[in-house]
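Protein chains in written order, with our numbering: chain A, 447 to 895; chain U, 176 to 406.
Bear in mind the hints are in silico, worked out from the structure with no lab data behind them.
Each hint can be trusted.
Short derived list, chain A residues pointing at chain U, Cβ under 10 Å: (1) G472; (2) N477; (3) G487; (4) T488; (5) A490; (6) V492; (7) P506; (8) S530; (9) M531; (10) P562; (11) F563; (12) M727; (13) G805.
Using 35 Å as the maximum straight-line C-alpha spacing, the simulated DSBU-like pairs for lysine-lysine come out as follows: (14) K725(A) - K228(U); (15) K670(A) - K710(A); (16) K542(A) - K211(U); (17) K228(U) - K753(A); (18) K389(U) - K543(A); (19) K470(A) - K389(U); (20) K211(U) - K705(A); (21) K740(A) - K753(A); (22) K470(A) - K205(U); (23) K211(U) - K474(A); (24) K753(A) - K763(A); (25) K238(U) - K470(A); (26) K589(A) - K211(U).
For each residue, glycine too, the CB sits at the ideal point set by N, CA and C.
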Amino acid sequence: MGNGENITGQELHEKVVESVTAIKNGPKVLNLYMDVCARCGTCAEVCPVYQGEPTELRNPVVRSDFIRGIYKKYTTTSGKLLGSMVGASDFDGDMKKWVDSFYECTGCRRCATYCPFGIDNSVITRKGRAIADATGYTPDTMKKVVQTSLDTCNTDGASPEAFKASIDFLEEEMKDEHGVDIKIPVDVVGAEYFYVPPSGDVLVNPEATTGIAKVFYVLGMQDKWTMSSKCFDGANYGLFTGNDGHMKADNKPYVEEAKRFGAKYMFMGECGHAYRIMKMMMEKGKWWGDLPFKVINCMEWTADRIKEGKLEFDKSKNPMPVTYHDPCNFGRSCGIVEDPRVILEAACEDFRDMTPNRGENWCCGGGGGLSAMDDIRDFRMKVSSVKKMEQVKATGAKYVATACSNCKRQFMQLIESHNADFAVGGVHDMLSRSILINGKAAERVDWEG
Amino acid sequence: MNDYIFMFFPYITLLVFVLGVVIRIRAWAKSPQPGKMTLFPATQGTEVPGVIKEALFFPSLFKGDKTLWSFSWIFHATLALIFIGHIRVFTDFPALWAALNINADNMSATSGGIAGILVMATLILLLFRRFFVGRVREISNLADYFALVLVLAVIITGNMMRFSGHHFDLELTRAYFSSMLTFSFSAMVVPADTIFRAHFLLVQLLFVYIPFSKILHFGGIFFTQTLVKQS
Chain A
447 MGNGENITGQ ELHEKVVESV TAIKNGPKVL NLYMDVCARC GTCAEVCPVY QGEPTELRNP
507 VVRSDFIRGI YKKYTTTSGK LLGSMVGASD FDGDMKKWVD SFYECTGCRR CATYCPFGID
567 NSVITRKGRA IADATGYTPD TMKKVVQTSL DTCNTDGASP EAFKASIDFL EEEMKDEHGV
627 DIKIPVDVVG AEYFYVPPSG DVLVNPEATT GIAKVFYVLG MQDKWTMSSK CFDGANYGLF
687 TGNDGHMKAD NKPYVEEAKR FGAKYMFMGE CGHAYRIMKM MMEKGKWWGD LPFKVINCME
747 WTADRIKEGK LEFDKSKNPM PVTYHDPCNF GRSCGIVEDP RVILEAACED FRDMTPNRGE
807 NWCCGGGGGL SAMDDIRDFR MKVSSVKKME QVKATGAKYV ATACSNCKRQ FMQLIESHNA
867 DFAVGGVHDM LSRSILINGK AAERVDWEG
Chain U
176 MNDYIFMFFP YITLLVFVLG VVIRIRAWAK SPQPGKMTLF PATQGTEVPG VIKEALFFPS
236 LFKGDKTLWS FSWIFHATLA LIFIGHIRVF TDFPALWAAL NINADNMSAT SGGIAGILVM
296 ATLILLLFRR FFVGRVREIS NLADYFALVL VLAVIITGNM MRFSGHHFDL ELTRAYFSSM
356 LTFSFSAMVV PADTIFRAHF LLVQLLFVYI PFSKILHFGG IFFTQTLVKQ S
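Isolated chain U (complex conformation) (with noise of 0.2 Å):
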């Protein structure tokens, strides 16, 4: 039974999220403006660039506050980077290994599990803040710090999987996944490690609430920069 779940969920997760951003950013992009609402002076940049450097970097919020600037910054470049990472879950690049002469297991036991803390650590950080900082928390209800949470016990639990010292089986997970993309029911395999188990509930849960929730803010930040840019 528990099987089926891994076997069927991951279809359904990745249905409603596309679905559910698709639909959302459609809406956005579709409702009507009667002009747009530039703020000046141009030094926080024209239209393309400055919307892209605003989603890169934060400008904006490292003028208005430097810590929360760097708590946040660091949190989602890293969460970008073990996003990317990720990708040697579901495939490996033995060429490009070779070719750069580079021990592909010990890079990411290395760089991920520094981002693994790092992004840990920052969140815990946004958290405390939500709850000490008085103008922050007196803004935050019960979403807010869900969200945070949630995202909490993702990492959490793919921390466990790095540093817990039980083994984590990359083979048996890739060939897992292997079969979910090429829908070979028959020859999936649901790897039996409980906090592997955990971890991809969990991060199901997360990418299901995204598009109901301003987790989605990663999409609308393009929409909002571009009305205060200068065309």
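Isolated chain A, as found in the complex (with noise of 0.2 Å):
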């Protein structure tokens, strides 16, 4: 298991076609991906990397045949008797080329959705970085926040002192805005409801929270949920590194947190990533077998308050026109795509779809990890995201509502380069600025950027 110094030469060689040729035993899903595609061009078609600017090793399948190559020459008959003319390839000992051009694919899954046979490369991709994490090559940004997270429990490596001064921040701001005291309650043992944000819903764009602590006190089920000073990052790099090691030992201490307070839900907030693993990888696979809790997503769970009737809103607060990017992790992977634009569509005055949506969303650029990743600033902000700022910008929107702070992250940025004109936030930021407290919303003007 990875994260050791790089290895070289002969060895290197031996490790990545060991590597691949492992394929054999499974997964399923990369022995039939090694077999299967018919070598049409539809996922160069549909790629937001290849289509923001195509060159050759940018197409999805140039990138996953550094794998299929090698798969093809060790494992098949014709491989190995007719070699390059059935596409079989050796290993080239290039593993900066490798890990290059693993690291420009956002594993978005678009690729997938058109795909007549659904063949997903990021599962491709994911394999390429898993070899590269082996072998010790993984970019150094990225072993790095995959450490800070191991040691500290979050990708900022923050300390438990220093959340609960932006938590106590949130909660005098709030008071400002409402005039009332609303709570965001800290390691409450018996709570039922664990919320599990990105950190940087805390401690960079910590409106979500707020949007969050707000409808708990409004149902009054202040007394209700608890946040954790130890786990207050939902963020694990794990997944994008490709190592499977890391991305359990990072959520171990989630579920066992969410044990101690008792919890009956596993309350997930605006991360698209984060819930992925929890739903879909940790609680459908059963890592740690049996659970006494449930994992939900804030975005889903409110959304059914609003049409429940429980939330009101001035959407006067928010007058200017809003859209929604759909995270690739949550729409595509997660099937969340109705909840979020339930919130925005009560909370907003002016909101509009950008096309294509939902599962259909161009990534913003930046999934894969590859948003906190400022060594290749330069390809995220003027190739990924080309067809994304395409999207944004003939919607009018002045402000790009999201549910990921790595697409948050991106956006930024891109507002940044671009000077463009709009503004980027969380679904629940939306919310905490319009809903209704005691019957009034936030008493805030401040709003801009």
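Assemble the dimeric complex from its two separately framed chains, guided by the hints.
Here you go:
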């Protein structure tokens, strides 16, 4: 299990070939993807990276062929006999090219949506990254995030004290806004709902968290939920480096914390990949056996309360045109697409969808963990985001709501580097600005930017 | 000597094809998978009907690339029709034709003729696409061209039997296959028709090649699509 020293030469070659040929023994998904591709090029037609700037190395099939070629050469009769004529190739020792390429795929799974076979190139990308990780070649920026998260349980390396200070600040803010005490409970054993946001929603864009606190307040459930001063960041970069061991190690304290609280619900915040790991992988895959709690997410929960008529809004607090960017992990991978729209329709005067949307949405260009990599910022600003920016501009929206800290970071940098005339934030941010508490919305005007 | 090839090769071909396909599909089916890879939203359809829809109509491809969809769907649909039409080379259903008041030979000449042209035209378009569309050319290797050219050769020899004006003896061919199916080697007469022989050899080459190539995507699609559809 990775993050060791870089290995080179013959040893590297052997390790790469060994990892690729191991696909023979599963998983089924990779096994099939080595064999079934008809090489029709549809993935390139719908890929945000290839469409941003089409170069051969950015063609999803060319990237996947790094692995498929080795697999063919070492495990198939035709590959052994006919070599490159049937697309078999050997590992050329160029790990830099390998890493650069696999860290240019945003893992958005858009290719899988349009591929006639449903081939998900992000699975091959993750395998490529796993091989890089096992040989010590994960980019330093990513290594650092993983290590920080394993050491401190959050990707920012923030201490429990810093976290509590932020929470105190947010409670004061809400007092100023509404004149009442709206609590953000911390470390409450016995709480039913254990709120797990991305750390960004406490430290960087905390309005989503105040929005959620206000919903609990309005429902009279202030004593029913809690945050943890140790586990306040669902982000888990083991998904992005392809290291299953890290992914599970990062996940475990959160499950233990939920059990310690005796929570009935692991209440996931606005973070697509965190929810995907908890819901689609950890819970469904029974990583830790049967659980005493259920994984839900804040958007489906709030949307249900809105549909029940339990929340009221003053939409005039959000008069500007607002659009929603479907984070790939929430949309394509978890099917959470209607709930954020229910919230935004309720909280904003002028909600507009971009086209295409939901499961067909274009990636922001920062998916697959790329958003955290400032070493490829130029690529993210000029290549992987081209389609997204076209889409957003076409809506004329002045605020892009999205439920993912990585998408938000990507958008913030895009706004800066393109001098774009819109702001970005969360879904519950819009709710926080317009929800009625005792009949009144928040008293604040300085919401620009 | 030539005749012996046509007497025994078909059995070997069939054996290689069936065994090859079974071994490959078994390997896929038995390979362990920790969880599903579900893609949303569910408008793509749930598991069984969704996968069947993908296999019959290629809806995902339709959304992604309409030009390719039209070439590809017409090609595959016509190929399926032609495959079914070949049943008449092995047997016939005179009672059915009488009941429907159809002249089977005329019908097969018309529909088979149209299908032969369509399947050839769409295949040539697919081949052109491989040559001239950048994103497809850069991922094409010799095996990709070989598959298309081999199928094209099968189609061209098939069309030659219908269109070149030379007489194709259906009765004789049917008798040949009939004695093959009943293992009556002493009674077996291999048609002398050169175009038929070329066509039949190419078809056999194709069938032997299928289990070892990406052409088996017609089997793989059921597995790959199941993984991304909701259960």
